[in-house]
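Chains as they are written, first to last, in the working numbering: chain A, 1 to 255; chain B, 256 to 574; chain C, 575 to 940.
FYI, nobody ran anything at the bench for these hints, they're computed from the structure.
Check the hints yourself; a few may be wrong.
Claimed, not checked - Straight-line alpha carbon distances no greater than 20 Å define the calculated SDA-like cross-link-like pairs of lysine to any residue that follow:
(1) K424/B with L118/A
(2) K355/B with I584/C
(3) K662/C with F102/A
(4) K88/A with V185/A
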Amino acid sequence: MMDQKPSKNNSKTEKESPVKIKNLSVTYQTEPALWNIDLDFPQGKMIAIIGPNGAGKSTLIKAVMGLVPITAGKVSIFGKPYSKNRDKVAYVPQRGSVDWDFPTDALDVVEMGLYGKLGWFRRPNSKTQNLAKECLDKVGLSDYGDRQIGQLSGGQQQRVFVARALAQDAQIYLMDEPLNGVDAVTEKTILSILENLRKEGKTIVMVHHELQTVDKYFDWVVMINRNLIANGPIKEVFTKTNLEMTYQEKQRMSI
Amino acid sequence: MILEEILSVFLGLFTDYTLRYVALGSAILGITSGALGCFTVLRKQSLFGDAIAHAALPGIGFAYLFAGTKDSLLLMLGAAIFAWFGGIITLAITSTTRIKQDAALGITLSVFFGLGIVLLSYLQSIGGASQGGLDRFLFGQAAALIESDVINLGILAAFCFTILILFYKEFKITTFDSSFSQSLGFPIKYLNALLTSVIVVAVVIGLHTVGVVLMVSMLIAPAAAAKQWTVNLKKMVILSAIFGGLSGIIGSMISSTAEGMSTGPIIVITITIILGISFVFSPKQGYLFKYLRKQRKSQISLKNFKTISDKEKRNDGNF
Amino acid sequence: MEISSDLVIIGIAVLVAANCASIGVFLVLRQMAMMSDAISHSVLLGIVIAVFAVGGREPIPVIVGGVLSGILTVSLVELLYRSGKLKKDSSIGIIFPFLFAIGVILVTQAGNVHIDVQHILYGSIEFAPFDTLYLDELNLGSKSMWVLGILAIANISFICILYKELKISTFDKSLALGVGLMPLLVHYLLMIMVATTAVVAFESVGAILVIAFFIVPAAAAFLLTDRLYKMLVLSVSLGIASAVIGYLFAIFADVSISGSMASISGIIFGLIWVFGPNRGLISRWRRISKQRFQVDLGIILTHIQKELGSDRSVSTSTISNSLGWTKEYSKKLSKFLQEEKFVEKDAQGNFILTEIGLKKIENFSN
């Protein structure tokens, strides 16, 4: 469905980072949520974003997608602005952002992930439905397709969201605390799916809530506390000093 | 005797010239507001419809002031412009001050309506609009609908449904998960504006049949009733349209049996009764069936209890 | 002693405004504005039933009827909402049109009741001076004045006696709940006061405009102050102003009195919304622009420091490129930086930080 425009310097774009963030600042009135962030997400890694509450972790991934207004700085996806390379990114928002009372079932939600590719005025069809079914199978919810989403457990709801992201067939997955408050089966399922994606060269970026499991699940970590404290492979960067710096009292900025 | 009366009124739908148009106009309103109301209810913006309905009133007054005739289309245009304006003011108040949405709605509703009443009284005093002329939009007077009115309403409704069908998946996804839909590239602001516009058109249709004051019920009750019967959005929209249309037809039939009865109140009472029936009798969520299911469950557990205690008795005997 | 009927009408209007605007403060603060919308409509039903029952429009049965239907409304809305089948605003939007519709039907279909549809919506304050109260042969003046006056005393007493409880339960529900049964009681008492006020005001200004007086002055006052008692005073003052100006305009232009009063209250609100000190649109815009400028200043300085630290040169064009700002805006900021001596231009036209500039950056991180 997507025509790949042959770009002039093909080899150059292949070396471009999946996500390149430069000089990013996001402020609400006088409160800086993110300040002066320079950050490249490396390709094919499981990346954790950690930091204290209110440190700007969700804001970071929302800023990448332009869901919050950027005060300064630029973001590029494989060298192009987000609006031109949207289809390379799949977003898994926090579970609480949705009204689970909505009259829709699990299969329907997954199918909605394909609405972007359908474009204006085209309708969901058997093709999209089958694709959605496949994704639902991948997360182990084959029999739950016709359940109204409010009737699913928290873990199942999360897996539906992940299935929806899978349907988008993206290169980069931006996820906001997907493992928060889910059961063990869900956690295992999601992690194994993500691992498979990673092996295919996809990039996984996850705002993660639990420090104990960071070095177990991830191979790259970004530590944020309004500023970028550290960014790099777990082995090098996930150190006590960095953690202390990240989780210390938020530095007050008076502007 | 009553059955005969009902039958004669029902036949009147097809034979009586006026009743036909009354019922048709009311049905058109019910179908449109029923379908679109699903989205306002799901977006938790039910009372927004109340505010923009009241805001439409001065629009009618101004249209009459400038156009001088009771040209139906022009009045509807005026109503639409002011309803839209009311919506914008409400949003502006909530986004630029610390006043919350409920108060913003109340401000828009009452001030615009007050302005409308001022205009209406002015028109009365300069002797143009007769009493029953423009204030029929307060409670609706479907009885005053003529063929050209109904045709206009039909066109408006067709417009609404065209938009709804064309943008169905967009409305659905932006209502369900707005940040996700933004990430897919859907222009949320424009889509919200489009949805509001279609609702404004529904309100304009409603002015003729249920009037400004009661319009809000037609945007909520059919949708709420439909939600009791299904967990599928498409079915909910269709069912809601059916409920709305039914209440329009039934309401106009009933109001035709008495002299000078406004159609608005009857239609509203009808749809609320339909809602009540849905609350009680719907298979999955209704109170009646919930109660029956509970009874059945306790009977089953009683039976199990009996069987177990029987078994125990027999075992005792063996020892 | 003949009091001019104009004065009586203004007096009534003032009393209505004051009564509604004072109670309205709590409605706005507790986000119950639409509940007042609901109650104002549904009191009609209670009034109609009372009139049927008693055979005429006696004030006390009417008030009782109205209050009862007001309580009925609140209870039904709570019932619907707690059943989980509907959200709160949907519940409101279903109950009040239903009750109001029943009321309208009863009114229009029962011929011998002297309430007409117009009166329901916008009252008939013009006739109030002539609806007089007679004690034996003594003309005590307009009935409405007396009723409103008594209501005013009731409202003032209510607010004064329960001021502390109202304040706590409005601003800190969790604290209030910890202190005992009072919040629930306060809530219901408030609803009763709303219903009573609505019924009495209904007769003068009709359903929709009662809402205007409940909400608009209070909302305008909310934009002017943070203190509860100030808000009460302001709200009542603005309400009275709306009533008086509205009446005078209506007489001048020969239009609906109650509609005029509602419109004027809206205009007053509009003026405060736009021009209000601190929270008005204009002062807000100015403040936000200034804040934006300050923030961007911080960003640009931090950026310059960073670039220079990595041995990269900075100029106006690199700034607009890196930060995604327009060239004009970057130029404007750069000019300011130079004027304030935060930066200087070196030989090639690139920026270097000055002592003062460095200090400014340090100030940011404190």
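Results for each hint:
Restraint check for K424/B and L118/A: the C-alpha separation of about 10 Å stays at or below 20 Å, so the hint holds. Proximity of K355/B to I584/C is assessed by CA-CA distance (about 31 Å); at most 20 Å being required, the pair is judged violated. For the proposed pair K662/C and F102/A, the alpha carbon gap of about 16 Å is at most 20 Å, so the pair holds. Taking the CA atoms of K88/A and V185/A, the gap is about 28 Å. The hint is violated against a cut of 20 Å.
Checked against the numbered hints given earlier, this structure breaks hints 2, 4; the rest are met.
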